[in-house]
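Work out the full structure, taking the sequences as your base and the hints as a guide.
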Amino acid sequence: MKRRQAMGHTSTDTLSAPQRRRAEGATWVGPLRHYDILKEAAIATVVVAVLTVALAFLFSSPDTPPVTIEAWARAQPVGFSQIVLTELEGTSASATYGPPYNHATGDTQYLGPLSIEKVLGVHYPINPAESFVIQPLSALPPTDALSHALARYRSASASERARWEHAYAQALATHKVPSRWPGAGPVPVLETSLLSMARSGALDAQLVAHASFYTTNYTKPILFLGDSWKAQRAKSYWGKVVTAEHLKSHQWGVMNETGSWPGQPWLWLYTMWYQVPPMTTSINGDLYVVAIMAVLTIGLLMLPFIPGLRDIPRKVPLHRLIWRQYYRDGGHTSGATR
Amino acid sequence: MTGEANLASAVINLNHPDHYFHWGFVLISEANLVVVAIMLALFVAAIALPFMRPRPATGHALAAPAASADQEPPPDGDSEPPGTWTGALRRIGLRYLPPSKLLPDAQPAYVASWVYVFGVLTVAALGIVVATGLVLAVEGPAWWHTSDIGHFVNSLHLWSVELFMGFMAVHLWAKFWMAAWRGNRSLTWMSGVVAFLLAVVEAFTGYLSQTNFDSQWIAFESKDAFNGSGIGALIDPMNFGQALMLHIALLPLALVLVVALHVLMVRMRGVVPPIDSRPEDLGEGVPSARYTDGASPAREEVPSR
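Taken in order, these protein sequences are the chains called A and B. Residue numbers are given in the working numbering: position 123 of the first sequence equals residue 129, and the series is strictly consecutive. Residue numbers are given in the working numbering: position 65 of the second sequence equals residue 45, and the series is strictly consecutive.
The hints are all genuine.
Now the in silico label distances, taken between C-beta atoms and shown as ranges: (1) A:Val59 with B:Leu(-13): 44 to 52 Å; (2) A:Leu126 with B:Met225: 19 to 27 Å; (3) B:Ile215 with A:Val301: 17 to 25 Å; (4) B:Ile18 with A:Leu64: 57 to 65 Å; (5) A:Asp150 with B:Val6: 51 to 59 Å; (6) A:Ile49 with B:Met32: 46 to 54 Å; (7) B:Ile215 with A:Ile49: 38 to 46 Å; (8) B:Val115 with A:Phe65: 15 to 23 Å; (9) A:Leu120 with B:Ala17: 55 to 63 Å.
Because the hints were derived from the structure by calculation, they are not lab data. Small disclaimer: the values here were computed from a predicted structure and weren't measured. Beta carbons are placed, not taken as given, at the ideal position from N, Cα and C, and that holds for glycine.
Now the structure itself:
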């Protein structure tokens, strides 16, 4: 700048804001250089294609198989049965979640007095006791014991069911899944039947069988698996995989990938807010993060119109490095013929 | 629910066994016969009915192009009679985006930094992403789990996405430090930001569509943000079918359109001049441009800004 002023040159910084805006939008009549846009695009495509093939050849891509309910039930029969019991009791994360799955309030998030999910209501009705336990068991080939247990459970009062479930919780505390237990009513039969069903792989299929033949919705089995993570955390079958792969929320897991592959590093800012109080502990943490990111996104979008922020590039001289050739020549690039 | 049920029900009930006509080897249902008959009737009507009376062609001088000082219209570029939508669109296109701007063979000399390359690299990477995605789409979402070739195509898709997002981030940073929204280029900046946001969502739905452990975990962990913000009432990340359709149809279409719009805006508005440029370089005082390598431009107008 000093050099240009010493040379008697002017610049757009001497103009008023409207004049500068008009000038910077006007047709460039300064020096030009030859350019071939199609050649540039072709070279770029070849370079990116070669880079892509090289990276794919060198590093391949991750494909960790999904966790199945079958594998979970085989590896942790007691842990599985404990979660089934919470589904029957209505104390699981899914059962207490709230909209859009049910009318509970356990995970309902508020921004001030407003809960958007509460306003929008239930969209995918899920009653975990019915959806994850009773309905799948009803689809099994009927046996006398199971039919009797289902009928007895369905006709029981809420308090009677609660007594049975409380009794069976003590049974599971022995680290076994007994088929009989004093005071547990039909619950042992329901539990052991569902465990057998899960270990055979039939429960995986049954939880996605929302339609008669085709299926594309995995909400139920994922919520069921997720209940184990919510209740048993790193001790759960799913949790062990998640923790080992560094995918938990406080591990900045949103941007991570299994193995050593890069994941979604462009989500770093979104992920970062989960590490900052009060989002680390608040039940409303997700909504706070979404709200912060919405404001920041609007800010990025509207940057050209925000005084102060839009002036940062003018004040930080990084642009002088980008256009150093132009500035070095007092506004002309080297070799200019004017 | 009642309203939805009314929409789904029919005024005329066709949910019953149809009548079939059988002539020789031809067997056709009554419904199909009605459709064919309507098509034939349309064909006959289109041929037989008299067409609209033509408008006078006065002034429609296809053979007499109007020369323009600042653009190079094709021979019939400015000769459409007033009132046609096609002619209006062509005139607007030629006015704001003449061929010399759309496909330039010159750039302002200040476009002399490697950082400028990341825009075209981003577009090139997007092309590779779409191409590899098309192969995966043809073979179906489970193919790459069981086929070595499929896994390699998936790897190509993954790495082209990483390159695409990386190039776009560098491009975004560069454009911020250039304050590239200057000189009535706000919409160019904003379309670029929208493209970035669409790309983030597109990549996210891609992770949901992998049908592996990643998909399971990401769907489960993300549902709380979806639900809490109300988006969950519309989009369920655990609904694989919905995520896949968004990933391979709606979002790529939107992304490609916005990127195309962004590129056209760059071509139309030109590359932003350096901060504190000389006013005379910006059209104030110097009548014509010169090439820095000594060659003269092929025409007096500036081919690209």
